[in-house]
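Undergrad: Sequence:
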Amino acid sequence: MKEDKILLDFEREFNPTNIPFGDIIDSEPKFKNELFNQFCNAESKPNFDLYLADFYSQDEINKGFKEASEQIPVSNSKGVVVAANFVTTTPFERSIKKHHQEFTDKIVHGTLPIKYYCPDIEKTTIVQTLKAINKELDILKESVFDEKTDKYKEAEIRAYNVIKLVVSLGEFAQYIINYLQQDKDNILLHIKKANKSKHDFWKTLKSNFNNSISNSLPQQTTEQMKENLLQLVCCSKGNEIIDEIDKIYLDKSLSIDRKIVLIGDIKDIFKLGEKNIKDGVVSIFFDEKEYIFPEWKIKSIVDCCKDRLKKLKRRQREKALPPQQNNPNSLKRSEHLSDIITDEKSKEIVEAIKVKYKNIKGKRLRILLMALQELEFLPKNRIAAKFHACCKNDFDWEIASYNAMDKKYFKIGFKTKKGDYIESDDEKELKQIISYINSVINS
129 MKEDKILLDF EREFNPTNIP FGDIIDSEPK FKNELFNQFC NAESKPNFDL
179 YLADFYSQDE INKGFKEASE QIPVSNSKGV VVAANFVTTT PFERSIKKHH
229 QEFTDKIVHG TLPIKYYCPD IEKTTIVQTL KAINKELDIL KESVFDEKTD
279 KYKEAEIRAY NVIKLVVSLG EFAQYIINYL QQDKDNILLH IKKANKSKHD
329 FWKTLKSNFN NSISNSLPQQ TTEQMKENLL QLVCCSKGNE IIDEIDKIYL
379 DKSLSIDRKI VLIGDIKDIF KLGEKNIKDG VVSIFFDEKE YIFPEWKIKS
429 IVDCCKDRLK KLKRRQREKA LPPQQNNPNS LKRSEHLSDI ITDEKSKEIV
479 EAIKVKYKNI KGKRLRILLM ALQELEFLPK NRIAAKFHAC CKNDFDWEIA
529 SYNAMDKKYF KIGFKTKKGD YIESDDEKEL KQIISYINSV INS
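With positions in the sequence shown counted from 1, the corresponding number in this note's numbering is that position plus 128.
Heads up, a few of these hints could be off.
[Claimed, not checked] Computed list of lysine to aspartate or glutamate pairs in DMTMM-like fashion (alpha-carbon distance at most 20 Å, straight line):
(1) Lys508 - Asp471
(2) Lys486 - Glu551
(3) Lys539 - Glu555
(4) Lys475 - Glu502
(5) Lys482 - Asp548
(6) Lys473 - Asp534
No lab work stands behind these hints, which were simulated from the structure alone.
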């Protein structure tokens with residue numbers, strides 16, 4: 129019986145239109161169930177609806193309020209109001225007023241029976257948190273009218289405050305974040321008395337707010353993040369990458385998203401020692417507050433490690449390369465293109481080039497070299513002759529002379545009078561080759 133009463137209380141008290149983000153709660157059963165659990169344990173309050181139910185059925189209440197709302201001023205045949213101040217109250221309204229006075233007196237004297245109390249949904253953590261979030265959004269909207277508003281700083285401040293509140297919602301945080309970042313939020317929020325420039329300012333402010341939310345939200349617990357990071361490292365051969373960096377490079381820190389992340393702080397995963405960061409910025413990876421980066425940011429660390437290692441290997445090779453020889457025929461004929469391309473898929477890249485760009489020669493061979501250099505698979509300097517010799521060894525067609533691939537034959541684009549840049553055919557082909565090689569790597 130008690131369970132039935134509290135369920136009825138919840139259904140009566142939960143009104144999505146009166147609670148910020150109420151529609152989200154109503155559409156997500158798990159979210160709504162958690163609110164119900166908090167409601168069951170919330171502080172109680174006197175409820176006039178429960179008291180009134182002893183005197184009227186719900187149908188009678190609905191009918192009574194409808195009749196009261198339809199009371200209109202008396203007017204003459206011309207439609208002119210002649211008795212606006214003499215609209216009488218209905219018997220139902222007078223009865224309601226009487227019962228409400230009785231209800232109030234019982235509260236004051238402490239004689240209101242317990243059956244007229246119910247949990248206060250306003251006292252639940254979820255509703256209080258959602259109201260606080262909504263307040264931050266209201267402040268953000270009002271800032272549009274302040275000429276001194278910094279649309280970047282204000283957005284970051286509000287996003288930071290919202291994040292602190294959202295995190296307390298646990299697994300339900302993402303529902304609110306998704307709603308906040310929806311594009312329709314830019315359209316449906318009405319700004320009173322705002323002209324077009326103010327509306328545009330709001331869109332910029334809201335866009336900056338969305339970006340700040342995305343860049344700041346911790347999405348997983350420390351243990352979950354460690355596990356995911358370990359999987360990323362294993363999939364990306366991260367341990368091997370870090371080991372090699374450890375051997376050939378002294379600086380153990382990477383700059384990611386304006387934060388300094390010390391790789392050595394990722395305990396038991398990356399095999400690097402601790403190193404103090406010169407500017408005093410401390411890594412915030414696995415601290416006691418469990419504030420951690422989202423998975424996409426962790427993945428960026430692995431990608432940065434790969435990129436760092438690739439560059440380091442290239443530097444080592446450049447240092448080890450002999451001076452450029454004028455006669456490419458004097459180079460060893462046994463060396464192959466896959467031997468000098470740094471990517472782990474070097475052989476697949478060469479085979480794909482031989483199929484896609486069969487009969488490539490002269491200037492187009494130079495464009496291929498430039499593409500591999502742009503991708504940092506080959507050094508920028510002192511490699512052209514070796515590249516030509518390797519192509520000659522690998523390709524079963526005539527590639528023309530070394531001089532035929534001189535960079536002077538590569539044509540660049542031009543700017544129009546309006547300032548628009550028109551790419552040359554050579555520049556377009558360079559982009560196409562880079563895109564194709566990337567597709568080979570990612571396949």
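Undergrad: Look at each hint and say if it fits the structure.
TA: Evaluated hints:
Restraint check for Lys508 and Asp471: satisfied, since their Cα atoms lie roughly 15 Å apart, inside the 20 Å limit. For the suggested pair Lys486 and Glu551, the alpha carbons sit about 25 Å apart, so the restraint of at most 20 Å is broken. Our distance criterion of 20 Å between C-alpha atoms is met by Lys539 and Glu555, whose separation comes to about 8 Å. At roughly 18 Å between alpha-carbon atoms, Lys475 and Glu502 fall within 20 Å of each other, so this suggested pair holds.
Of the pairs offered as hints, the one joining Lys482 and Asp548 is violated, with about 35 Å between alpha carbons and a cut-off of 20 Å exceeded. Taken as a hint, the Lys473 and Asp534 pair is broken in the structure, with Cα atoms around 27 Å apart against an allowance of 20 Å.
When held up to the earlier numbered hints, the structure conflicts with 2, 5, 6 and fits the remainder.
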